[in-house]
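Q: What follows is each chain in one-letter form.
2 protein chains.
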Amino acid sequence: MTKYVYDFSEGHKDLADLLGGKGANLAEMTSLGLPVPPGFTITTEACQTFLTHGAEPRDLAREVDEHLASLEALVGRTLGQRDDPLLVAVRSGAKHSMPGMMETVLNIGLNDQSVRGLAAQAGDERFAFDSYRRLIQMFGKTVLDIDGELFEQALDAAKHAKGTTDDLALDAADLRRVVGVFKEIVVKYAGREFPQNPREQLRMAIRAVFESWNADRAILYRRQERIPNDLGTAVTICAMVFGNRGMDSGTGVAFTRDPASGAQGSYGDYLQNAQGEDVVAGIRNTVPLAELGALDKASYDQLLGIMATLELHYRDLCDIEFTIERGRLWMLQTRVGKRTAAAAFRIATQFVDEGLITMDEALTRVTGGQLTQLMFPQFGAGAARRLIAVGVNASPGAVTGRVVFDSYTAIKWSRSGEQVILVRRETNPDDLDGIIAAQGILTSRGGKTSHAAVVARGMGKTAVCGVDAIDVDTKGRRFRAPGGIVVEEGDVISLDGTSGEVFLGAVAVVDAPVVSYFDGLLSTDEIAADDLISSVHRIMGHADAVRRMDVRANVDTPADARRSRIMGAQGIGLCRTEHMFLGDRRIHVERLILADTDEEREEALATLLPLQQQDFVEILEEMDGLPTTIRLLDPPLHEFLPDLTELSVRVAVAEARGEAQEGDLRLLQAVKGFHEQNPMLGLRGVRLGLVIPGLFAMQSRAILEAAATRVRAGGDPQVEIMIPLVGAVQELETVKQDIINVAREVRTRTGVHLDFLVGTMIELPRAALTADAIAQAAEFFSFGTNDLTQTTWGFSRDDVEAVFFAAYLEKGIFGVSPFESIDVEGVGELVRIAVEKGRSMRPGLKLGICGEHGGDPDSVRFFDRMGLDYVSCSSLRVPVARLEAGRAVVLTEDF
Amino acid sequence: MTKYVYDFSEGHKDLADLLGGKGANLAEMTSLGLPVPPGFTITTEACQTFLTHGAEPRDLAREVDEHLASLEALVGRTLGQRDDPLLVAVRSGAKHSMPGMMETVLNIGLNDQSVRGLAAQAGDERFAFDSYRRLIQMFGKTVLDIDGELFEQALDAAKHAKGTTDDLALDAADLRRVVGVFKEIVVKYAGREFPQNPREQLRMAIRAVFESWNADRAILYRRQERIPNDLGTAVTICAMVFGNRGMDSGTGVAFTRDPASGAQGSYGDYLQNAQGEDVVAGIRNTVPLAELGALDKASYDQLLGIMATLELHYRDLCDIEFTIERGRLWMLQTRVGKRTAAAAFRIATQFVDEGLITMDEALTRVTGGQLTQLMFPQFGAGAARRLIAVGVNASPGAVTGRVVFDSYTAIKWSRSGEQVILVRRETNPDDLDGIIAAQGILTSRGGKTSHAAVVARGMGKTAVCGVDAIDVDTKGRRFRAPGGIVVEEGDVISLDGTSGEVFLGAVAVVDAPVVSYFDGLLSTDEIAADDLISSVHRIMGHADAVRRMDVRANVDTPADARRSRIMGAQGIGLCRTEHMFLGDRRIHVERLILADTDEEREEALATLLPLQQQDFVEILEEMDGLPTTIRLLDPPLHEFLPDLTELSVRVAVAEARGEAQEGDLRLLQAVKGFHEQNPMLGLRGVRLGLVIPGLFAMQSRAILEAAATRVRAGGDPQVEIMIPLVGAVQELETVKQDIINVAREVRTRTGVHLDFLVGTMIELPRAALTADAIAQAAEFFSFGTNDLTQTTWGFSRDDVEAVFFAAYLEKGIFGVSPFESIDVEGVGELVRIAVEKGRSMRPGLKLGICGEHGGDPDSVRFFDRMGLDYVSCSSLRVPVARLEAGRAVVLTEDF
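Note that the protein sequences, when read in sequence, are chains A and B.
Here our numbering is used: position 90 in the first sequence is 92, and no number is missing along the way.
Here our numbering is used: position 873 in the second sequence is 875, and no number is missing along the way.
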């Protein structure tokens, strides 16, 4: 028979699936002998049954009764007992904490009779009625679904009548009246009396917790966070202890150590004469935890002892909630604590130094996301700054610029060299050009999934969103901030996208010290002197020692190659050649494209050959001894030609004026010829190589002659030639044969025998699906997950990110943009298929990934699980990829 | 020990894998007791070993020697014996007949000595030297790789010197001289003497056959036809019999019955005093087979008897090659014969009527491709016509129009209502607009894979290509045809794309009689009176009786719905709603798109609702009682707006003239806002439904209210609402919830309870890969294989078909465009995955396909194998799909 209810003394911390995080940790503390009020937990399985069948499991009521009876026996009182009531708290507690679910109803067991018993027992009528009004308020809001504002307003009215804003100024009589008003609210808005039967209160609260699993906001949150819908929530029922029984009572929250400094026991907040929700609501000002030492030294010392115990037991920083009732300390909750990025690194190495965890475990305590945060540009530590508002930290970084209110001005000013910050109430697709032109985005509405936030993150722009303290007046070209501050168009502000802070005036932006460290600019002494840097240094060293995957960089220039090598790249995973065709060389490409005859085409190719060759010589020199994957030309050719619409307009206007030039007309004809409705799905990649005679042969020749030059100079070039956009093995075979022919010629000409690989990008679904066939011709695969994401989902990043990603994130269709973090179910499935099929045909097939996901923390772990040999990412992300490749080895979760 | 050589008496017809088609059928005829010259076959396994190791298998020479010795013993002569030589023919023969491989070397065993022995034995020196020159010519060309033209020229020179063009006019002395010249050619171009050792001749010929497997043209052909590269070819070695031993000798080819009339034994060609290659080369005129009866009645009667035997044995029409040597008949080859589309149907039912095959077998003897041919428009049977040239039948159909030579004229004339035929030497992407404007395409160069052919087939335009008899003078705006005919621009010509014929002047085009039959326009008597129609009728009846899959139609209008129902459609698989938004209604859509406020948007939707509803009422009336799948709006919205470039030019020119209109400027702004770089990958399908409030709800309401109207009128509407472009189940869930809400409202309003399904297109790789999740919300899947092909391959049909498909087909990267016939390995794999995952989640999931592949013969069989419930295609293809769905059941090959 399924057991639906567990006493706190029966569970332990690893039962979060069954008891929820809260219930499991309460059980753990109970078995550690810590002072936890007695109680029990209803399992998630009971909730699942309720949700499936619309009714509680048959045995649940009996089990709850039994456990309640034990509880009553233990404390010597019964629930709602008239003269001396047992009161309980009912809390939801799923495996994952989840906003939108019913959270807590305190003081269950109070009614019109027992409130008087409580008053008599406590000798404190104010306390009893305060507790009762809290019950009706929480019960009304969360169980009876009454708008919470109604209760707040009634409470405010009572304070107003009393001429105060402090709820402590309300006396027993005031609170008795408030209780009366609250009960009227219940009747009016719930259509029923507030239930006087304590058992009914409990039963309704439990059911409300179950039902809150399917509250709209909870569903949305689960959809966004990819939490399965069928887990259900547990319910903990716990004897009440009271922090609101006078000034010798109180409630607090604390971390077991200061996440910034690592000092134990000094970090937390305490509020006298209050219940838990008051701390969170910020009704009155809390005092620092250390002051509890002065208020109640015994409890304080006991608390420090418990915190030490918890840390030792959980072997991690914990956060806790506690209540002191008349000088007696009770632990109400604990869990592994959240921390800042810097604290995560510092604490991890502190724990190692204290002998609590191993370096492997330290590696599990930090994330690539945290390292990324440490690497964003920052405002200089000493720089003067004037904070004017704080909003949602929507897209990280630090920028300073002049305020503009529309795209037109943003573009105009940025063209004249100004740094600008676009300020809008909220953005929509029409603002796209302005977002592109601006350094930073500031909005007064919307959160992390708003249009501005999504687009800014996609473009790597700094953004602070949802700063509701500012009032944006687009027409007046100004915004108002608290304190009467008015910021006019053209005024300078600064945004910290990592903290969400908005500053007036310029603040100097500096490279993060961690970046200087990765750039090799810090001496050993300097590293040792900074505890953050030295923590990072130690953890990175361990990550490098344990990781299985190599990390390479995506770079196109010799300078970037050098930097990536310093950052720890073990090769180049993607050297794009299209960037080498821009600038002065664009004209040769244009000639190549517009060539009418074979001779003209060959001439254009002949001009490009030595230029390309020199590019490759320099890059191969920088990467000497390391594998260097060079991708042949990929983008559609018209990218090298003028824009069709712009040119059409220019020519038409010139014609209207009778000033049309013959050259322009011919150019327009050619541009029209190369115009494509969907260039991303057009003539590019290997298709170019097969359709434009000599192009890929020229590039291959440039690469192989550059390698031969390096060999003759005593170097060790490790060339891997990569063919983009292959969908069928026949494409690769055809191009590969050309490359082999070129290699033979180069060998004859130079006398140098080169070892090199020919491989392909896997960036089309068909390439992944037919990877076994393709592996017959490919010596390596490199996943191009950007294009693979576009074709798998059938949307182009450029076109849709700005238009509907915000809506999709809002509706929970995405948890995160599939361009930020790999879509495991869809794109990831193709990766899995390609790895399996590819290696089935060629067991030693070298596998890598060179899409942007190569630097995304979650994605790196996924690629490790898939068995890839390396990830490749932009230089600046190389450290993150190294860290995550190490974490992948020590973490045990699967995908 | 592997056996590498099989005597003709050892094999049989089902050993084509091992003995090649030719060897297997020779063995079969031998065991039937038919007069086959003695011989043996070297297996494909020997060839495979040779190709893998670069050398013949160790035992091969010994086995060949043994079989040759038996052969010599049998005929009582040895290979190349001086006084009376045994001569042999060496032929290649793979499983699949394959152009580009070495085909035949006759007369092996002749040399400077044995030619005299042959002359003496035959008493015919001319015959002997004619045979010897043939050996040197064929051996030189195919074994020694000398340009065949050199021999032809030398032979022509000899004839010229004699003042004749007839090779029979050359006497023994002439041919002796020709032999001398041929031997000089060998020395000069092969760098060696023609081998005099008969064993060496044989060994070299066998090796040449092996090596010809990897000739460029053979490789290309295999790539195009998807024939595996490792099969290898067999080699048959057969004692020579001579059709060139005088006028009582000869050679011929025949069908066992006339494929057009079905009459036995009357269909073939015979050539006196000739060897086989003369018939194919068309050197002299052949006579109809029936005349053999007059020339050599005994042989003729024997041949008719053999043909009857073969037909009875193979239970199919066979084609044969035979030789008569001095009045004695020898069978040299047989195989199941090719036939025209009409003949295939007629013969299939004839065979049934003759009791040779069952109706199931009859169904395997015809193809959907043949039925398609019978359904193309044709020139009226009695219409006068003047044939001026014949080319490659590149894209079927029959058209009449005025000749134009460039795109500009094509567009101009077609806009003024002319039907035009674009005539070019060859086409390239610049001609695309002209091809679109023209009814037909005629080129003087290129074959079935040329640009013109590929593009025309893709667009369903009639094309005749590679008419090398015409000389196109684009600048002079005329072309010349044989017989001094000059066709000027504006002259009328007619093209038969099914036969490749070009006619001068107009020829009346009529619907094919088969189409009239399917349109239900023929009476029972009319059907019975036409043997083709009655064959089709019987076979279609059987296909319908046996097929497992339903066939539906893709139709958007009531009229088309009615026609498709007559054609046999069992429902609508795809009713697109976008076509309902064109014409007069475009303005409402524009208003919807440009709406600034919710009110404007709702107003536009409110205007569209009743219009849509009426559309659906009419279609549901036509399809009463049959399932009707209606797809919600799919295309990107800007398709309803003016083209960005055109509008930009118009506005810019107006501005330059100071005539800009405010309205145009605002429209341009909006068009810019909706412009997408890659609209196919943009805001369309379900994304529209999620981003444009109210759009899908309006459409669903129109559908469901229409259904309610039908129910109240006593009808039986079977509505299936289909959501396009779903990539994630969350999209479908969100839209489905809206539809359910709308349904509830409609039910409340109308009082009609409707049963309807909500399902999705599977047209993105991600939808296929996550089909298990999607099936949780979808009640049916319909594969949209057009879009699925585009995203799986990462190319857009519009952009690439014209640009690189021709190159791809030429290089063998495609065997056939994946838009014509489903790409089994790539797109098909996604279909397989989606079917498997979808049904694993929802066992009864209804599965169909509504892409254009639904009417492609090969694809239909694939979909049957995948277990789909129905295919849906355009009305005109419904009969083809019915036929192929029937064939799928009786055919045994798998994919």
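If you're looking for bench data, these hints aren't it; they were derived computationally from the structure.
Any given hint could be a false lead.
As the list claims (entries may be wrong) - Mimicking DSS-like on lysine-lysine, the simulated pairs with C-alpha atoms at most 25 Å apart in a straight line are:
| # | chain 1 | residue 1 | chain 2 | residue 2 |
| --- | --- | --- | --- | --- |
| 1 | A | Lys-674 | B | Lys-414 |
| 2 | A | Lys-477 | B | Lys-674 |
| 3 | B | Lys-185 | B | Lys-143 |
What the hints assert, rightly or not - Counterexamples of contact, computed for chain A against chain B with all Cβ distances above 10 Å:
| # | residue |
| --- | --- |
| 4 | Glu-105 |
| 5 | Gly-125 |
| 6 | Pro-431 |
| 7 | Asp-470 |
| 8 | Val-488 |
| 9 | Val-511 |
| 10 | Asp-626 |
| 11 | Gly-627 |
| 12 | Thr-647 |
| 13 | Gly-684 |
| 14 | Leu-771 |
| 15 | Asp-801 |
| 16 | Glu-895 |
Said to hold, decoys possible - Partner residues aside, some chain B positions facing chain A, computed with beta carbon under 8 Å:
| # | residue |
| --- | --- |
| 17 | Gln-115 |
| 18 | Gly-684 |
| 19 | Thr-794 |
Ideal Cβ placement from N, Cα and C applies to all residues, glycine included.
Q: Hint by hint, note whether the structure agrees.
A: So, going through the hints one by one against the coordinates:
This hinted pair checks out: Lys-674(A) and Lys-414(B) have alpha carbons roughly 19 Å apart, not beyond 25 Å. A distance of roughly 23 Å separates the Cα atoms of Lys-477(A) and Lys-674(B); the hinted pair therefore holds under the 25 Å criterion. Between the alpha carbons of Lys-185(B) and Lys-143(B) the distance comes to roughly 12 Å, so the proposed pair stays at or under 25 Å and holds. At the 10 Å boundary, the C-beta of Glu-105(A) stays outside the reach of chain B, the nearest C-beta of that chain being 26 Å off.
With a least CB separation of 55 Å from chain B, Gly-125(A) remains clear of the 10 Å interface cut-off, as annotated. The claim that Pro-431(A) is not at the interface with chain B is violated, since a C-beta of that chain comes within 10 Å of its own (minimum 7 Å). Residue placement check: Asp-470(A) keeps its beta carbon more than 10 Å from all beta carbons of chain B (closest about 23 Å). Val-488(A), annotated as away from the interface, keeps every beta carbon of chain B farther than 10 Å; the closest lies near 29 Å.
The Cβ of Val-511(A) sits about 32 Å from the closest Cβ of chain B, beyond the 10 Å cut-off, so the non-interface label holds. Every CB of chain B is more than 10 Å from the CB of Asp-626(A) (nearest about 35 Å), matching its label as outside the interface. The beta carbon of Gly-627(A) sits about 35 Å from the closest Cβ of chain B, which is more than 10 Å, so the claim that it is off the interface holds. The beta carbon of Thr-647(A) is not kept farther than 10 Å from every beta carbon of chain B, the shortest such distance being approximately 5 Å.
Annotated as non-interface, Gly-684(A) brings its C-beta within 10 Å of a C-beta of chain B; the closest such distance is 4 Å. For Leu-771(A), the non-interface assignment is contradicted: its Cβ lies about 5 Å from the closest Cβ of chain B, within the 10 Å cut-off. The beta carbon of Asp-801(A) is not kept farther than 10 Å from every beta carbon of chain B, the shortest such distance being approximately 4 Å. Separation of Glu-895(A) from chain B is adequate, the least Cβ-Cβ distance of about 21 Å exceeding the 10 Å criterion.
The criterion of a C-beta within 8 Å of any C-beta in chain A is not met by Gln-115(B), whose closest approach is roughly 46 Å, and the hint is violated. Hint on Gly-684(B) holds. Least Cβ distance to chain A is approximately 4 Å, under the 8 Å limit. The restraint placing Thr-794(B) at the interface with chain A holds, with a minimum CB-CB distance near 5 Å, inside the 8 Å limit.
The structure does not agree with the numbered hints 6, 12, 13, 14, 15, 17 stated previously, though it agrees with the rest.
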